[in-house]
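S.K.: Sequence:
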Amino acid sequence: MAERFFPPTRTDFIQNALKELSLECPLCLSAWDAYHVPVQITGNPKCSHIFCRPCISGWLETTQRQAYTCPLCRNVLISLELDEDEDEEDERYLGGSGGEDQRDRERDRQRQEIMQRIESGLTYYIDNDGNEQMGDYITVKDDDDEDDGNGDGVGDDDDEEGDEQEGDLDEDMEDGEEKIEIFDEDDRERRHAQLRQLRYEIYAAHYMNLAEPGRGVAPGEHRR
Numbered sequence: 001m002a003e004r005f006f007p008p009t010r011t012d013f014i015q016n017a018l019k020e021l022s023l024e025c026p027l028c029l030s031a032w033d034a035y036h037v038p039v040q041i042t043g044n045p046k047c048s049h050i051f052c053r054p055c056i057s058g059w060l061e062t063t064q065r066q067a068y069t070c071p072l073c074r075n076v077l078i079s080l081e082l083d084e085d086e087d088e089e090d091e092r093y094l095g096g097s098g099g100e101d102q103r104d105r106e107r108d109r110q111r112q113e114i115m116q117r118i119e120s121g122l123t124y125y126i127d128n129d130g131n132e133q134m135g136d137y138i139t140v141k142d143d144d145d146e147d148d149g150n151g152d153g154v155g156d157d158d159d160e161e162g163d164e165q166e167g168d169l170d171e172d173m174e175d176g177e178e179k180i181e182i183f184d185e186d187d188r189e190r191r192h193a194q195l196r197q198l199r200y201e202i203y204a205a206h207y208m209n210l211a212e213p214g215r216g217v218a219p220g221e222h223r224r
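To convert, note that position 119 of the sequence shown is 119 in UniProt numbering; the numbers rise steadily by one, no gaps.
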């Protein structure tokens with residue numbers, strides 16, 4: 001067992017033995033919250049790094065089965081040497097010879113669920129990003145006499161009617177601008193929060209080997 005070091009003085013302890021904790025996960029760079037709960041590696045004197053639980057869990061699930069290492073310092077955290085009896089027990093736990101197929105089906109299900117959430121969220125954001133607020137105020141002005149689908153084909157060049165329509169359009173545009181100015185700030189923050197969650201889910205889909213089943217991805221490859 002490695003000998004523990006104790007600072008000789010209180011000042012030395014404060015200066016050298018205390019370290020400020022990061023406010024975000026070093027893998028996904030997300031701030032700590034109810035989902036990204038910080039967890040610290042213990043039990044290894046050479047490693048005490050802190051990650052969010054989803055990241056370190058995903059890392060341990062996608063790394064090699066015989067040796068689990070820290071994704072930052074690469075110190076071994078768990079080293080497994082399974083004998084034949086343990087192999088048979090593990091196989092029974094995984095459902096016999098169909099264990100791999102079961103994991104593949106579960107991975108596909110999770111991947112589809114994440115991609116559906118991503119598509120649903122992006123569709124909501126596109127439909128609610130404020131552009132529809134102006135949908136009722138944008139028209140196409142047709143100045144020719146020909147009925148080309150942009151006008152009614154009759155009186156398109158009527159100056160009087162055109163001026164009246166242009167005046168109505170200006171008023172409507174002003175109303176639309178006022179609506180945008182008073183657009184609910186809470187709605188905007190909620191959509192931004194959804195986008196941040198979608199970015200994390202896209203990252204998780206790749207990092208946790210869900211987007212491309214069978215292909216392991218190191219966390220550093222997708223660091224933002």
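Some clues are possibly wrong.
Pair ranges (Cβ atoms, derived) [what the hints assert, rightly or not]:
#1 R53 - N16: 25 to 33 Å
#2 R105 - P38: 53 to 61 Å
#3 N16 - Q112: 45 to 53 Å
#4 D12 - C73: 19 to 27 Å
#5 N75 - R190: 13 to 21 Å
#6 A31 - R10: 28 to 36 Å
Calculated from the structure, these hints are not laboratory results. Yeah, the Cβ is synthetic: ideal placement off N, Cα and C, and Gly gets one too.
S.K.: Which hints, by number, does the structure contradict?
M.R.: As far as the earlier hints go, 2 and 5 are violated by this structure, in ascending order.
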